[in-house]
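Student: Sequence:
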Amino acid sequence: MSDATFMNPKLSVVIPCYNHGQFVQEALESVFAAGRNDIEVIVVDDGSTDPRTIQEMRTLSRDPRLTLIQQKNQGLAAARNNAISAAAADYLLPLDADNRIRPAYLEHGIAVLDAKPKIGVVYGDAEYFGARTGPWKVGPFDRERLLEWNYIDACAVIRREVWEKNGGYRGGMPVMGLEDWDFWLKTYANGWQFEYIPEVLFEYRVMPGSMIHRARAQAQATEEFIADHHGRLYRAIWMERQSVSRTTQHLLRLVRQRMRDRLIPAGLRARN
1 MSDATFMNPK
11 LSVVIPCYNH
21 GQFVQEALES
31 VFAAGRNDIE
41 VIVVDDGSTD
51 PRTIQEMRTL
61 SRDPRLTLIQ
71 QKNQGLAAAR
81 NNAISAAAAD
91 YLLPLDADNR
101 IRPAYLEHGI
111 AVLDAKPKIG
121 VVYGDAEYFG
131 ARTGPWKVGP
141 FDRERLLEWN
151 YIDACAVIRR
161 EVWEKNGGYR
171 GGMPVMGLED
181 WDFWLKTYAN
191 GWQFEYIPEV
201 LFEYRVMPGS
211 MIHRARAQAQ
221 ATEEFIADHH
231 GRLYRAIWME
241 RQSVSRTTQH
251 LLRLVRQRMR
261 DRLIPAGLRA
271 RN
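In terms of the numbering used here, the sequence shown opens at residue 1 and continues consecutively.
I should point out that these hints are in silico values taken from the structure, not numbers from a laboratory. Note that beta-carbon positions come from the ideal geometry of N, C-alpha and C, so glycine has one too. It cannot be assumed that every hint is accurate.
[Stated by the list, open to error] Heads up, simulated DSS-like pairs for lysine-lysine below, C-alpha to C-alpha not over 30 Å straight-line:
| id | residue 1 | residue 2 |
| --- | --- | --- |
| 1 | Lys137 | Lys10 |
| 2 | Lys10 | Lys72 |
| 3 | Lys165 | Lys137 |
| 4 | Lys165 | Lys10 |
| 5 | Lys116 | Lys165 |
| 6 | Lys72 | Lys165 |
| 7 | Lys137 | Lys116 |
| 8 | Lys118 | Lys137 |
| 9 | Lys118 | Lys165 |
| 10 | Lys116 | Lys10 |
| 11 | Lys10 | Lys118 |
[What the hints assert, rightly or not] Cβ pair distances, simulated, as ranges:
| id | residue 1 | residue 2 | range |
| --- | --- | --- | --- |
| 12 | Thr59 | Arg143 | 37 to 45 Å |
| 13 | Lys72 | Glu164 | 19 to 27 Å |
| 14 | Ser85 | Trp149 | 27 to 35 Å |
| 15 | Asp38 | Asp63 | 42 to 50 Å |
Sequences and hints are given; from them, build the entire structure.
Tutor: Shown next, in the form of structure tokens:
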């Protein structure tokens, strides 16, 4: 870890990096462009193996503007958790090493969390770049939409208390990159509110084989994981007897089926 020292930072930007050395400087410069002196930046090298990233980490280890943590490869969730554990600020912004933020994100996020104690998450719109370009209109928080699929990127300003009450980011997701959906469902279940800023606040790089594309190809495994770990939330929604979409109804049925599978031995199910 470098010897970078930050006096009472307001917000910590945490940047996990695995073999993305060719992009990480863009991510960092997007943070430094805000020109704030109350921002802590922590980069986690998650056991990168490609020579360019290894060299880039050597360079970053000498950069006084940031703290570098180097670890054996543990995955995205662990990298974020380790960075946040080392962070000093009460507000956090996870930023993937291949993405970029707009300077206004830090300003808006801090202002909202300072003014509204019930808000745990501040997020905005995005702009795609790379293999795909164009706007990503995220939209206001919608519980029904979140129950169906994750539509809020990890790149959001959150309270440290949100992360603590959630028990951090959960590892072991069957589909890489969908730790975010699990995290947001826990955030909602814990009673936090989400605030949407209708402005482009970060830039999402799209590459062939991006996490979002792999995730969609493995939807069934993801749905089963969500049903197993968030069944209580989905059952509570069902008990409210509100109108729910077909997708949410499907997940509710899956929750009940997964519960049945755990409670009834396979041999008994086969005889029924």
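Student: Could you run down the list of hints and mark each one as holding or not?
Tutor: Tested hints:
no.	hint	verdict
1	Lys137 to Lys10	holds (28 Å)
2	Lys10 to Lys72	holds (29 Å)
3	Lys165 to Lys137	holds (29 Å)
4	Lys165 to Lys10	holds (20 Å)
5	Lys116 to Lys165	holds (18 Å)
6	Lys72 to Lys165	holds (26 Å)
7	Lys137 to Lys116	holds (24 Å)
8	Lys118 to Lys137	holds (24 Å)
9	Lys118 to Lys165	holds (14 Å)
10	Lys116 to Lys10	holds (16 Å)
11	Lys10 to Lys118	holds (18 Å)
12	Thr59 to Arg143: 37 to 45 Å	holds (44 Å)
13	Lys72 to Glu164: 19 to 27 Å	holds (25 Å)
14	Ser85 to Trp149: 27 to 35 Å	holds (29 Å)
15	Asp38 to Asp63: 42 to 50 Å	violated (18 Å)
Checked against the numbered hints given earlier, the structure breaks only hint 15 and satisfies all the rest.
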